[in-house]
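In the order they appear, the protein sequences are chains A and B.
Sequential numbering of the first sequence, starting at 1, is according to this note's numbering.
Sequential numbering of the second sequence, starting at 1, is according to this note's numbering.
Please note that the accuracy of each hint is not assured.
[As the list claims (entries may be wrong)] Ranges of calculated distance between the beta carbons of each label pair, as one might list FRET restraints:
(1) B:Lys60 - A:Ala22: 31 to 37 Å
(2) B:Asp33 - A:Leu21: 31 to 37 Å
(3) B:His145 - A:Arg522: 34 to 40 Å
(4) B:Lys173 - A:Asn650: 56 to 62 Å
(5) B:Ser182 - A:Ala45: 52 to 58 Å
(6) A:Leu225 - B:His145: 55 to 61 Å
(7) B:Arg95 - A:Asn590: 34 to 40 Å
(8) B:His145 - A:Asn650: 45 to 51 Å
Hints are computed from structural coordinates only; laboratory data are not their basis.
We put the beta carbon where it would ideally sit given N, CA and C, even for glycine.
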Amino acid sequence: MATNSPVRGRVKSGTANNTNLADRLFAILTAITAAVIIGIIVVFAVVLLVGSWNSITRNGIAFLTSIEWPDNGFDKAPFGALNYIFGTLITSGFALLIGGVASLGAAIFLSEYAPVWLRAPLSFLVELLAAVPSVVYGFWGVQFVSGFMGGPDGVEKSLNNVFGWLPLFADKVSTTRNTNLNVAFNGRDILVAGLILSIMIIPTITSISRDVIHTVPDSQREGMLAMGATRWQSIRLAVLSYGKRGIIGALILGLGRALGETIAVAFLIGGASTVIPPQGTLLNRGETIASKFANNYNEISPADTNGFSAFLELGLALFIITLIINIIAQILVSRGNKPSSTAKKNPGTQILGRLQSLFFPILILLLSPFISLLMALVIIAIWGLLRGLKAYQVRVEERGGSLPVALTYIADPNKSYGYRKFINRFMQGLFIFSLLVAIIPLASIFILVITRGLPVVFKPDFLINDTSGRPLFGGVPTGNIGIAQAILGSGLLVSLASVIGIPLGILAGVYLSEYGKNTFGRLVRFMADVLQGVPSIIMGLFILTVVINTSLFVPGQRYNGWAGVLALAIMMVPIITRTSEEILRLVPDNMREAALALGVPKWRVILTVVMPAALSGIVTGVILGVARIAGETAPILLTARGNDSFNGLNDQTPALTLIMYTYGRRPDPASVELSWGAAFVLLVIVLLLSFGVRFLTRSRLKASL
Amino acid sequence: MKELSESFSRVTPFQIRTAVSPAGAVKAFDAADAGVPKLEIQNLNFYYGKFQALRNITVKIPSRRITSIIGPSGTGKSTFLRLFNRMSDLVPDTRVEGQVRLDGQDIFDSIEVVRLRSRVGMVFQKPNPFPKSIYDNIAYGPRMHGIKSKKQLDEIVETSARCAYIWDEIKDKLHISAMALSGGQQQRLCIARAIAVQPEVILMDEPCSALDPISTIKIEELMLQLRNNYTIVIVTHNMQQAARASDYTSVFMMAPDRAGELVEFGPTKQIFTNPKDERTEQYVTGRFG
Chain A
1 MATNSPVRGR VKSGTANNTN LADRLFAILT AITAAVIIGI IVVFAVVLLV
51 GSWNSITRNG IAFLTSIEWP DNGFDKAPFG ALNYIFGTLI TSGFALLIGG
101 VASLGAAIFL SEYAPVWLRA PLSFLVELLA AVPSVVYGFW GVQFVSGFMG
151 GPDGVEKSLN NVFGWLPLFA DKVSTTRNTN LNVAFNGRDI LVAGLILSIM
201 IIPTITSISR DVIHTVPDSQ REGMLAMGAT RWQSIRLAVL SYGKRGIIGA
251 LILGLGRALG ETIAVAFLIG GASTVIPPQG TLLNRGETIA SKFANNYNEI
301 SPADTNGFSA FLELGLALFI ITLIINIIAQ ILVSRGNKPS STAKKNPGTQ
351 ILGRLQSLFF PILILLLSPF ISLLMALVII AIWGLLRGLK AYQVRVEERG
401 GSLPVALTYI ADPNKSYGYR KFINRFMQGL FIFSLLVAII PLASIFILVI
451 TRGLPVVFKP DFLINDTSGR PLFGGVPTGN IGIAQAILGS GLLVSLASVI
501 GIPLGILAGV YLSEYGKNTF GRLVRFMADV LQGVPSIIMG LFILTVVINT
551 SLFVPGQRYN GWAGVLALAI MMVPIITRTS EEILRLVPDN MREAALALGV
601 PKWRVILTVV MPAALSGIVT GVILGVARIA GETAPILLTA RGNDSFNGLN
651 DQTPALTLIM YTYGRRPDPA SVELSWGAAF VLLVIVLLLS FGVRFLTRSR
701 LKASL
Chain B
1 MKELSESFSR VTPFQIRTAV SPAGAVKAFD AADAGVPKLE IQNLNFYYGK
51 FQALRNITVK IPSRRITSII GPSGTGKSTF LRLFNRMSDL VPDTRVEGQV
101 RLDGQDIFDS IEVVRLRSRV GMVFQKPNPF PKSIYDNIAY GPRMHGIKSK
151 KQLDEIVETS ARCAYIWDEI KDKLHISAMA LSGGQQQRLC IARAIAVQPE
201 VILMDEPCSA LDPISTIKIE ELMLQLRNNY TIVIVTHNMQ QAARASDYTS
251 VFMMAPDRAG ELVEFGPTKQ IFTNPKDERT EQYVTGRFG
């Protein structure tokens, strides 16, 4: 029993009647659902480890250092994943740089500068950005971003013309055969993939850092402003330093999201070549670990024992990276609100302090393969000169003298009022620009999906026929292709996954909030966070492995709807669990006490008082979970893997996202048109789920309160 | 109402009772079991982890009387009160030694906790209505105890609300949210909600501390009415309230190791006019605590 009764040890001589029994049963039921989360993670880790053992022993350390990834493992060639690891790190790093700066700017603008009436709608737009499915980002990227980035007079070509002397924008790459290859300039490369990733992580980082900034007490800002600081100085010195840990945590969570992102990257990164070693140019094609799965999903076959095992090891590597990243981020975010403890000055912290002051030159040196060594040295020299000048100025002023005015302004520009005002204005402009970086892509996606997708939806039979041109529910084939089978498949997959995932998620959330103040509860909470951070493609790989190894669901049919349902259900459980828990915790304890004091058993108190009071929040969490899985492509790409027709869940099952992934990558106009139509339908469904229902429940519940 | 509040501050508790109680109440006051021990507490020790919050408390709380618990902050008054219906179970890592008997039955051993709580109701410091309609708030307890019939529920709601002196204020708006009531009304609604499950004992944990003086007087008046049918135990910081509206008073003080101890128990009049313990005298005269 999870209730802490002071009389637990004693023998209960009284009648153990059914209320007591029901209480126990309910507690056990919720505890079991919570244990399911731990069970999933354990099975998940075991499956990945056992499956990749063959590859780990066979390839050894070469797996991390070699760039050779053969098409299959039948000839027992070794597998090396260096290209994919490099691709993952460089795209995510690039995304973190661009997306991180833009998100921080947007978050600061939203919470510090924007007029109050504008804050809610702007935050809503940023949330919208989070609701757009990744396959839509990918398709939009191929159709629109690649269009103006690539080509003979695209942005990339101009970048190369202007900055070609930097390794970052070089147009030639050396190969292992000692030849130079020209970059294709087709708009499918690391730069474009990184840009799309930047946009995709903006909502994650923005919303978390906005929450962190909100926790900074107003007294901190007012204290700075009252001393004559400009707005920007008060933000930099009070807000950002106060919320530093939380903001770094938000950035790392964004990084975790970027590392695991699959589908959009698979659309845009172009695919790695085994003859091009990792190198610093952004204009070359590449591959991330996640996109490798999506681009080569046909090669993941159990018949090829070595290859399959290598893919599992690749998945394991990605899982471990995201796991570490997410744990660090969670620790930082959860402790971010507390002011950092005053550490004692010991030798260790002193060394750390020294290292911190050298952080900037070390970072620049690390970047030198991308910006050329010469430039890195120049930057470091200027940095060193400025620091030296500042130190000199301090020394002169200590003696009572002063430097010439011009030198003073260079050493410590903050002394000039005009400069401070200028920087304040400049930063404000930068923040508005950051927000635009977030909002312009959103506008572009919506305009394109509506103008290109809406006409397609009204084409004859588009919502009635399947993609092979036959009416879904029988009738004479007309030859007009449609997406009816995908809508039906998506609906079935999502609703069946919801049937499993919603009750599990809510009950586990109830356990965590009402009974989970113990070690087991903390473990479950941690595991739910881990599960939430698992890249969706790895979830698909996990289910695929389980289904293949155990002939689960439909013997002999590796790809079937049930496997997709299971993958989606597992994906939604942690989302619903954590949001339900958070909301249930908000219900004041005095409500629980009031009901308990009436002699009502705890389980009925939970069902009749606590949950109704938290209903709107729980509904929101559930809907967010459903919307999230409705837009998922990666987990069903490896499990349901649908096609042009619907043959029941025992067979391969189609879905809107899968149709978009398959046809969106083809160049012919008919496929592109079909994908725009599918994008429109998908976006309408996901947005209706994300926002429509939330508004409905919100207004209804407000009225009843 | 203004007159009432003035008279309260001047006269002794026993005069008040005859002054404000209707005749019927006076009769019920002499009911057969009145004054017989309802709750017997024997050698009670209570611990939060290693910290001892209550030490060696032995007292008998009489039936159909109002017993007030007074004393400085941090002496364990609320902890003591919350033991009687085992709300203390909700705090993890707590331990009880000794016995609390309700009508001779040990509440930790012989009575199942849910049943105990339906016999020992509670009113909290802050009014805490559920976010439901007024009707559903009062009907919540009876419904949970298995009463389904609409007619019966209507009856219970009306009787309980009348008992809690709130019926006239809510009878026309039974189906609006309880959150729309004022603080004082909410607290009387919470009392009606507690009465609706027909408990034998009502525990009140500083029920007036969040209310204005007029609502406070209404609640006190209500307590004096309820005394005819219920055993009431009330924790209060307001010594005048204890003096005005209770029959018996127990005084809690803090021992040097911060554990709460019962230093004196007796009829309210005696505690306030002729205390035996020096600390009690200092406390009730405002010189200490």
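Verification of the hints:
1. B:Lys60 - A:Ala22: 31 to 37 Å: holds (35 Å)
2. B:Asp33 - A:Leu21: 31 to 37 Å: Given about 33 Å between the Cβ atoms, the range holds.
3. B:His145 - A:Arg522: 34 to 40 Å: holds (36 Å)
4. B:Lys173 - A:Asn650: 56 to 62 Å: holds (57 Å)
5. B:Ser182 - A:Ala45: 52 to 58 Å: Roughly 57 Å apart at Cβ, these two residues keep to the hinted range, so it holds.
6. A:Leu225 - B:His145: 55 to 61 Å: 59 Å Cβ-Cβ, so the 55 to 61 Å window holds.
7. B:Arg95 - A:Asn590: 34 to 40 Å: 24 Å Cβ-Cβ, so the 34 to 40 Å window is violated.
8. B:His145 - A:Asn650: 45 to 51 Å: Distance hint for histidine 145 of chain B, asparagine 650 of chain A holds at roughly 49 Å.
Of the numbered hints listed earlier, the single one contradicted by the structure is hint 7.
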